[in-house]
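Chemist: What follows is each chain in one-letter form.
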Amino acid sequence: MLDSLITLALAEAPSESGITVLFNNFGIDGKIIVAQMINFVLVAAVLWKFAFKPVIANLDERQQKISDGLRFAEESKQQLESAEREKADIIRDANGEAQKILAEAREKAKSYEEKQRAVTAQSIEDMRKRADESNALERQRMLSEARQEIAQLVVLTSAKVLKSELNDADKKRLNEAATREIASLN
Amino acid sequence: MLEEKDKKLANRLIELTLDAGDNAVTEIVPAMDKLLKDWSSARRRGFIRYFLRMLKRALQKETLQIQHAGPMEGSLVEDLKARFSQGIKRPLRIEQLENPELIGGITVKLGDNVYDASVDGRLKQLTEAVR
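Read top to bottom, the protein sequences are chains D and W. For the first sequence, the numbering used here assigns the number 214 to the initial residue and increments by one for each residue that follows. For the second sequence, the numbering used here assigns the number 365 to the initial residue and increments by one for each residue that follows.
Hints are supplied without guarantee of correctness; some may be wrong.
As the list claims (entries may be wrong) - Restricting the straight-line Cα-Cα distance to at most 27 angstroms, the calculated cross-link-like pairs of lysine-lysine (DSSO-like) are:
#	chain 1	residue 1	chain 2	residue 2
1	W	K371	D	K376
2	D	K385	W	K488
3	W	K420	W	K401
4	W	K425	W	K488
5	W	K445	W	K369
6	W	K420	W	K445
7	W	K401	W	K425
8	W	K445	D	K385
9	W	K488	D	K373
10	D	K376	W	K473
11	D	K290	D	K300
12	W	K473	W	K445
13	W	K401	D	K373
14	W	K371	W	K401
15	W	K398	W	K371
16	W	K420	W	K453
17	D	K313	D	K328
18	D	K385	D	K373
19	D	K328	D	K342
20	D	K385	W	K473
21	W	K488	W	K473
Simulated from the structure, these hints should not be mistaken for laboratory data.
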């Protein structure tokens, strides 16, 4: 095919001009030049098709990946910064909340302590009062028992003495007096 | 449970028994025998129980029980009998008991009423007063 093109070119070539002469003088063969140009075009087309385009596509793809990676890294960095800020905010809020809770707990503990102290004091006072009342009652009971025992002893002693000391005349007088008393009641 | 008409009959018999006095056994017992002869044993038993219980109560109401320590003259007993007989249609029965535990003085019981004028009673009152 190349030979046919060369032959065609030679057949249609104009008669030698100044340029042709110049080329001849410099040893430049037009046919070879044309052939080389066609070869170059063919090789360039093939290279473009099968070498450059995949390489460029590959490069674009890598460039895209790098860009994505950078963007992802940037986003990650921003997210990290945001997370750090959030963490700091959360820690600050948590500290504030903890301080508040601690203050409330201290307040409650203080209040509870005061209340318990008051309750304990009241309990002690109540116990003291109950103990006093119990002691008073016990003392009263003992006095009452003692009084009763003494009275019973007095009565028993009196009864024994009277039984042994009263003679019939005394009893007769007592009976008369008792009869008068009962008769006056009825 | 005794019927109301049987109770009324028993109360009437008690009145008759008390009125009969010492003749109660000869007059009332045969009449009761005749009356209860045809009754069922349960009714008869219930009637007699009720009769005896009410008779005992009636006798207590008409018995003057005098307890005394030491000698008690008859005039004193009569005096008491006269005093307590007021308002009672039948003569009081006198039940006289000597009780040395009274130490001195007397107690008189008529029905559910008790009058205590004994030394022992006085001492008991004293004990109660001290409590």
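Chemist: Among all the numbered hints in the text so far, which are the ones the structure does not match?
Modeler: 1, 5, 7 and 13
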